[in-house]
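Colleague: The residues making up each chain are set out below.
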Amino acid sequence: MTVYRVEGLRIAAGGRAIVDGVGFDIGAGECVALVGASGSGKSQSCLAPFGLSPLRAGGSARLMGDELIGAPEAMLRRARGRRVGFVFQQPLTALTPHLKVGRQLHEAWRQAGAPRPSRADLAALLERVGLDRADERLDQYPHRLSGGQRQRVMIAAAIAHPPALLVADEPTTALDAELRHAVLEMLSGLRADGLALLLVSHDLPAVARHADRLVVLEEGRVAEAGEAAALFAHPQAATTAALIAASPRLADPPPALPPPGPPLLAAEGVTVSFPRPGWRRARIVAVSDASLHVAAGEGLAIVGGSGSGKSTLARAIARLGPVDAGRVTWEGLPLPDRAKMRPAHRRLIQPVFQDPVASLDPQWRVVDIIAEPLRHLHPHLSAGERHARVTAALDEVELDDAFADRRPATLSGGQAQRVAIARALVTGPRLLLLDEATSALDVLVAGRIVALIARLQQTRGLALLFVTHDLAVARRLCHRIAVLEAGRIVEEGPIKAVIAAPAHPATRRMVAASD
Amino acid sequence: MIALLLRRLLTAIPTLAAVVILSFVLMRLAPGGPFDGERALDPATRAALTHAYGLDLPLWHQVLRYLARLAQGDFGPSLVYRDFTVTDLIASGLPVSLTLGGLALLLALAIGLVAGVAAATRAGGRADRGLMIALTLLTALPTFVTGPLLVLLFALALGWLPVSGWGGGDPAHLLLPVVALALPAAGAIGKLVRAGLATALAQDHVRTARARGLSPVRVLLVHALRPALVPVASYLGPAAAGMLTGAVVIETVFALPGLGRHFVQGALNRDYPLVLGVVTLYAGLIVLFNLAADLLYGWLDPRMRG
Chain A
192 MTVYRVEGLR IAAGGRAIVD GVGFDIGAGE CVALVGASGS GKSQSCLAPF GLSPLRAGGS
252 ARLMGDELIG APEAMLRRAR GRRVGFVFQQ PLTALTPHLK VGRQLHEAWR QAGAPRPSRA
312 DLAALLERVG LDRADERLDQ YPHRLSGGQR QRVMIAAAIA HPPALLVADE PTTALDAELR
372 HAVLEMLSGL RADGLALLLV SHDLPAVARH ADRLVVLEEG RVAEAGEAAA LFAHPQAATT
432 AALIAASPRL ADPPPALPPP GPPLLAAEGV TVSFPRPGWR RARIVAVSDA SLHVAAGEGL
492 AIVGGSGSGK STLARAIARL GPVDAGRVTW EGLPLPDRAK MRPAHRRLIQ PVFQDPVASL
552 DPQWRVVDII AEPLRHLHPH LSAGERHARV TAALDEVELD DAFADRRPAT LSGGQAQRVA
612 IARALVTGPR LLLLDEATSA LDVLVAGRIV ALIARLQQTR GLALLFVTHD LAVARRLCHR
672 IAVLEAGRIV EEGPIKAVIA APAHPATRRM VAASD
Chain B
24 MIALLLRRLL TAIPTLAAVV ILSFVLMRLA PGGPFDGERA LDPATRAALT HAYGLDLPLW
84 HQVLRYLARL AQGDFGPSLV YRDFTVTDLI ASGLPVSLTL GGLALLLALA IGLVAGVAAA
144 TRAGGRADRG LMIALTLLTA LPTFVTGPLL VLLFALALGW LPVSGWGGGD PAHLLLPVVA
204 LALPAAGAIG KLVRAGLATA LAQDHVRTAR ARGLSPVRVL LVHALRPALV PVASYLGPAA
264 AGMLTGAVVI ETVFALPGLG RHFVQGALNR DYPLVLGVVT LYAGLIVLFN LAADLLYGWL
324 DPRMRG
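Protein sequences appear in the order of chains A and B. Numbering-wise, the first sequence is residues 192 to 706 according to my numbering. Numbering-wise, the second sequence is residues 24 to 329 according to my numbering.
Hint data in this document are derived by calculation from the structure and do not stem from the laboratory. There could be a bad hint or two in this list.
To be verified - What follows is a list of derived Cβ distance ranges for each label pair: (1) B/Ala141 x A/Met532: 54 to 60 Å; (2) A/Gly205 x B/Leu160: 53 to 59 Å; (3) A/Arg529 x B/Arg88: 52 to 58 Å; (4) A/Met255 x B/Arg326: 34 to 40 Å; (5) A/Ala593 x B/Arg30: 56 to 62 Å; (6) B/Thr34 x A/Pro513: 27 to 33 Å.
As the list claims (entries may be wrong) - Pulled a few chain B residues facing chain A out of the computed Cβ check, cut under 7 Å: (7) Thr222; (8) Asp227; (9) Gly236; (10) Asp324; (11) Pro325; (12) Arg326.
Quick reminder that beta carbons are idealized off the backbone N, C-alpha and C, glycines included.
Isolated chain A, as found in the complex (with noise of 0.2 Å):
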């Protein structure tokens, strides 16, 4: 039985189609994926239909035999209610701060017009998503919940009426690799009561194994369509051999890297912690002895969940943040604390951080972000020198000169973390610090600025400290890994053989959630 037909959408945004022609349906207890790197319009072509977005769409979207296409609000308001679940991408946010979970789940439990539920029937819905202590969660309010958590919560909110159809709008983008994971297990599972699932995903290796179909967004158009094992295994369009390489896995066979120099940094017994909030005196260790070293040329991988201290260990080794205890040294001699760093320091090590539209001064020019790492780490440089080194930097993360007088609001997410890999690459830095720096960026644009990358690891022989919650993206830059748990190093050791024979339990969940 069809629960939702859609044929030939079209959604125009100030007189241009963003989608065009997109049409698929989703039987009784399927999974639909539409996938897509950012733009391609998937998550519009799910949310217009439904009144969700400001966008009129024409075409056809039929939901159990009614169309929505041009229905009254009162109509689609009704349909949401009843016949269909929500889910969206940020946890964090997506649900009401001063309302506590269980009389959110109470509200959409009785929206469908279902008899007042009881405090055991919510608690039920809660561990039907795997919450786990579900009676004390109903009384608790979002922000006391991990992002997982609020997620688990929101879902149980869109299936609670229950609805014929689930629409999942990247479900579990903001979630590390292994929430992730558990995540997507738990929305297919649902599928088991006959529930339809309608997922949208840039990550097509990962929603390949979960849903019937496939439905590969490039433009707003349809690029491919199909079963979903097939299209994985033989992509037919460039796009979804793009997104399928974008998003590595660890099943992938590894790639060759440089082989590592001489020891280049070290870093013996490092301890974080900051002053817990509010009156009581007390710390909160955030990093706990940590010592790791790395050799020119190599890269080593830090991960671990959120929250496990990898971005706090990274920066205070690169003396960009707070240190309690621990020696760092460079090539044998010790590394100033913080406020001592002189430029000769600075110059060897360099940040590009997660968000690169928030960590670029939106009132610079470009050239004069790239330049000023110059004005101050070799002041000694004359004008025109600083001008050339500039222009060679723009010009090795491949953007051309014109982007030089733009302001970051200007750029797009990939040309501004390129733009921030050209400020940390100007000073000729021997060791490049990238915290999470693709997490924030479009699938097709991470996959690029890593191989930009992994070709200036090749042609600088650059070191990495690399912070991020992706192993597989970490196994295409980095020859060695140190797992962190609850502000510990519990295992490290060469990529691969860790990869391979995991030690530590949280190794093992992670590289369970990866492949």
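Take the given structure of chain A and dock chain B to it, following the hints.
Modeller: The following block gives chain B in isolation, referenced to the frame of chain A:
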């Protein structure tokens, strides 16, 4: 929660003491004194009075003496209205100011909320722009302009309402001062509600609520409005304290026997204890209302409970 309350009340004590000491000293720095009248008193009487009220003691001694009395709840005698204590004067003026301020506050909240919600739900539209201009105008017009204008129109031209006076708390006498006092606050509240609600309506959790198929009214009232009121709460703390302890201008324009008038008269007459009494009361209310606002934040947005 109880611990928070206690802690906040304890930290209020040094704040209040600082306010009192500072006002005390500032007032003494101003030229003139309580016994400087049109006709000069003879030196002997003057010296006797000065001594009787302890004004001949060193300043630090006077401050300490005042603080010690204040701690026992004694505001001291009025230096000008010699048959009354400051407590008497406050007790006569406060009910008038509380009635006026309380009603004005309620009216301002009602107008502000309705106008703010109406504007935010039509964000960007013509009604929104019209409302915002009107609200900005309300905030911008001082009460000494709106008060007389209201009197001109409703009391003098139309003759519907009395021009001024308290009339023993008669509603007809109250109407114009309450409206005049409420309008600027209504404008400020309306603008804050509009801004807060427009932000809240654009947030992810509102989309989730809409996706749940809830009616627009329910989405607005249950999911969007509460977080939108946080800025209103922070405005209301000091604003409410100010309105309740005597709107000096309104009480003067409408000749109302409230606290504000005592305050102005006290300052002009150099009636030190009277001014200090009103200032202390006002500072205490500010502290209380700010505390109330902080507690309100926690209810409006549980994330702020920390």
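Colleague: Using 7 Å as the Cβ threshold, decide whether threonine 222 of chain B counts as touching chain A.
Modeller: Result: violated, 12 Å to nearest chain A Cβ.
Colleague: Between threonine 34 of chain B and proline 513 of chain A, does the C-beta distance stay in 27 to 33 Å?
Modeller: 29 Å, holds
Colleague: Under 7 Å, Cβ to Cβ, is where aspartate 324 of chain B needs to be relative to chain A, so tell me if that hint holds or is violated.
Modeller: Interface hint status for aspartate 324 of chain B: holds (6 Å vs cutoff 7 Å).
Colleague: Can arginine 326 of chain B be said to touch chain A, with a Cβ gap under 7 Å?
Modeller: Since the shortest Cβ distance to chain A is 5 Å, the answer is holds.
Colleague: Does the nearest C-beta of chain A fall within a distance shorter than 7 Å of the C-beta of aspartate 227 of chain B?
Modeller: 4 Å, holds
Colleague: Given a hinted range of 53 to 59 Å, is it respected by the beta-carbon distance of glycine 205 of chain A and leucine 160 of chain B?
Modeller: Given a distance of about 35 Å, which is not inside 53 to 59 Å, the answer is violated.
Colleague: Alanine 593 of chain A and arginine 30 of chain B, beta-carbon distance inside 56 to 62 Å?
Modeller: The hint (56 to 62 Å, Cβ to Cβ) holds, given that alanine 593 of chain A and arginine 30 of chain B are roughly 59 Å apart.
Colleague: How about proline 325 of chain B: closest beta carbon in chain A under 7 Å, or not?
Modeller: 4 Å, holds
Colleague: Go through the hint on glycine 236 of chain B and say holds or violated, using the shortest Cβ distance to chain A against 7 Å.
Modeller: Check passed: Cβ of glycine 236 of chain B comes within 2 Å of chain A, closer than 7 Å.
Colleague: Evaluate the given range 54 to 60 Å for the C-beta pair formed by alanine 141 of chain B and methionine 532 of chain A.
Modeller: 56 Å, holds
Colleague: Just tell me: holds or violated, for the beta carbon distance of arginine 529 of chain A and arginine 88 of chain B against 52 to 58 Å?
Modeller: 54 Å, holds
Colleague: Could you see if the CB distance from methionine 255 of chain A to arginine 326 of chain B stays within 34 to 40 Å?
Modeller: 39 Å, holds
Checked against the numbered hints above, the structure violates hints 2, 7; every other hint is satisfied.
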